[in-house]
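Enquirer: Given chain U, work out where chain B should sit, using these hints.
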Amino acid sequence: MRRGIVVRLAVLALAAAPGVFGCGIFSPRAPRPGGGAGVVCVTPNAPDNVVSNVLAHYASLQGVTCYASMLDGSFTFHPDAADSIDAGADTVYVHWTRDIESRVAGNLAANATFHLVVFDSAYANPVFSPGPPRSELRFYAYHLIIHAPQAAPDTLFQGRANITFTQGSDAQWRITSWQDQRDTSGARTWGYLRRLYRVGF
Amino acid sequence: MRWAVPPATAVLFLVQSLTAGPGVAQELVPVNPDSVLEQASLSPIGYDTSYNRDLSTGTWTQVLSYGLNRGRLALNANGSSTTVAFPRSPGLGGRNGSFGGSLFYRATGNWIWTLNGTFNRVVSTDVVSETSQRQNRLKINSQYTLTPVRAVSLTGIVSSEFQQDHGLTVRPLGQERLRLLTRYNAAGDSVGVDSIFVHDQRDSTYMSGRQDGATVLVAWNPKSWLQMTGDASGTRVNPVTTSQLRDFARALDGSAVEAVDRSRFESPNTSESYQTKVTFTGIRRMTAWANARGLHNTQQYFDKSLRNQEQLSLDQRFGILHAEFLPILGLQVGAEASTSRSLSGYALRANRSSLVTSRSVTTFLSYMPSPRSRAGVTLNLDNQKNERQANGNGTNISRLLQVSGGHRVSSRLSLDAAGTVSLTSFQYVDSILDQDNARTYVNVGGGYTVSDRCSTLVHFSATRGHTVAIDPSRSGNNNVQSTYQMDAILRVGVSRTLSIIQNYLLNAIYQIYDDTQSESRSVLSRIRRIDTTVADSLFTFASIRVNHNFLFLDSGSFTKPPGGERREYNVGSETYQQTFGATLGIQPAGGVGLFVTQSLANTKTNFPSAKTKTVDNRWNLTFGATVQRSLPGGASITGSAQHIGSYTEARSPLLPRNEQDDWLAGVTFHKDL
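Protein sequences appear in the order of chains U and B.
With our numbering as the guide, the letters of the first sequence map in order to residues 1 to 201.
With our numbering as the guide, the letters of the second sequence map in order to residues 1001 to 1673.
So that you can see chain U by itself, here it is in the shape it has in the complex (with noise of 0.2 Å):
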């Protein structure tokens, strides 16, 4: 009795695997025809390449993709604690992981029509971890130059980044942990040009 329910079952389910395949739910679109050639995204062996494929990805549509792949699954953004208490009864910057810091910086680059960051300089000297699993905190000053309606009036964003890279079981380096930080200059932080872009998730 149990032998035979468990074997129709079985059949059941290996009658409706193809029907579930077949059906070609797990097949991705076809991308338009006329595609252009894409962008370099740097293998990221280390840090460096890391930096090197946000400052060139950041906010833009085409690299959209590079610089997601740049965050580790655990990734976690941290706002400077002056933007959070600014936020008010807005929980804005609640729960804030890889999948949401993708989809913002996508709406970003949608959004902009030019965009420039800068990591201007380490204002501190990094900090090494030698693991396992190997970690890298660095300390960057920073400034955003971003035209978007969505940010308008403000174009200029600066402060401070406190950035850990980790290096994974594939040996490749992603970023961890992103704390940002006001400056003395008075000007929005890059948290809160995120802020502006999450927006129903």
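Derived from the structure by calculation, the hints contain no laboratory data.
Backbone N, C-alpha and C fix where the C-beta goes; we use that ideal spot for every residue, glycine too.
Check before you lean on any hint, since a few could be wrong.
Now the in silico label distances, taken between C-beta atoms and shown as ranges [stated by the list, open to error]:
1. B:Ser1373 x U:Gly168: 25 to 35 Å
2. U:Thr113 x B:Gly1419: 43 to 53 Å
3. B:Glu1387 x U:Phe26: 19 to 29 Å
Computed, partial: chain U to chain B, Cβ under 8 Å [said to hold, decoys possible]:
4. Gly34
5. Ala89
6. Ala171
Expert: Below, chain B without anything else, positioned relative to chain U:
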């Protein structure tokens, strides 16, 4: 060693919890009198102080708590203070303080009165600006539970809360902003416009109000196989917010000007929510339940960034159906379907408005005929649609099939396998960001256990991910990434005190671009990795651990030569990465440990095409102590402190040594008074 910034994260969460605006849906959770009024109070007053310093953050926290139980009365109070500093960013920091208290009084067996008060303040400062938020809440609750008819339980709660918020922001603008000030004559007619250049702002806001709320909870068990629960609650508050926004500016003639804008808002905020759940167990071996929830909320709050009053309305509905069936022992099949709708509308930040609808179906089958065998299949289908947004409108479809199984062939040998197939499809109204990500994963392996101290695990896996951007402007990056990997772990207990653990990993990642124009960008990366740990507890008070981590990585182009059919691998770089470290731990007294670790991390990279190579040696010496001791007088201390010193051997005198000289500490002192 902690690399993240947990205190900063804690600040964030605290900030979020403190800044809940007036009228935010606050659940009136019923109090269980048994859990509150009958707790034994061992010590009425407790004091904790802790200091945590990591690489980028220093946090000092103090907590004082008081508890008292007297028959029908229970009193709890606590106060805390946290100071956060960022050693690498002088001038940047924050302070949080809170004081809270609860008074419970059981008037009768079914009637409870509760008084809760919280008084919080959070401040963030840097060299030139300060942002602070103070929040006071005082709430009185009355809860009554009765059983009007058999099988029905009814609980009612009414509450009233007094609310006060005070926000203050002082900030420079960085660059002057032009502001036009209209001049008026005595009759109120505009007679001209002045131009001023604003360089600093000081904003102060004060909100006060009283929030009244009511909740009804019903539980009805008409039959042993049918249970129904439901609750509905509503709150209403009409806070008054006054704001005083000051602009410090200079006029065209250079003289200082101060412009003050005072305003007063009345903002009725309401919140209504309901929930109901029906559970059915009337069919043998089957359980089914349905759950529906709804929330409607309107609230207003002062948006400090935009210096104006924001109005947010929220309408959420959620429903779920779940059924599971056990046809035979060990076999379980089930299905779950859910749907939700969330509409949020912002008056000020209109581009944050959104309507999100989602549907999800999950079916699962699991079979575990004995503790030695298991198998399972899960199929999950999700569909989420975003509408009425400034951008990102569209549908996100997610499909996932998971299969897993395992069997213990003998007491020593076990086998297992797992696989997933998934597709995530982003289909936007503005189709330029349209993208499909397909992924398949298979993992097969097993373990062999000789004894508790000797065992091995080996797994082989293959992953294939296909990223497909649909729009021609982005499809040039479409590629297939294939990963083949072998993982193995070997554990050997050589003697009672000596153990060896080794992890092996072989990995190859092929990234092949779809478009022939992008062929030159196809790459291959390969890894060999061996991590070894040898640990020996020499004596009862001392242990030694030696680690060796070896990693070889090469990567380069994997492309077809002109006219060729087969791809060839051209190594672009080879990296040898090794870390050798030894740790000695000593326990000189109970609850006290001392340790010292020295390690050398060596990284050697060859670039065959350029015939160049780089070598980096980084030395690290870490020493510290841990303590976990009880002290006389009901006190205890727990913590650790360590010093990390490291540097990189300079390849040339011009290059930085990247020296590190940090003290990390985390100490908590507790005292019962």
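Enquirer: Kindly indicate which numbered hints from before are broken by the structure, ordering the numbers from low to high.
Expert: Checked against the structure, no hint fails, so every one of them is satisfied.
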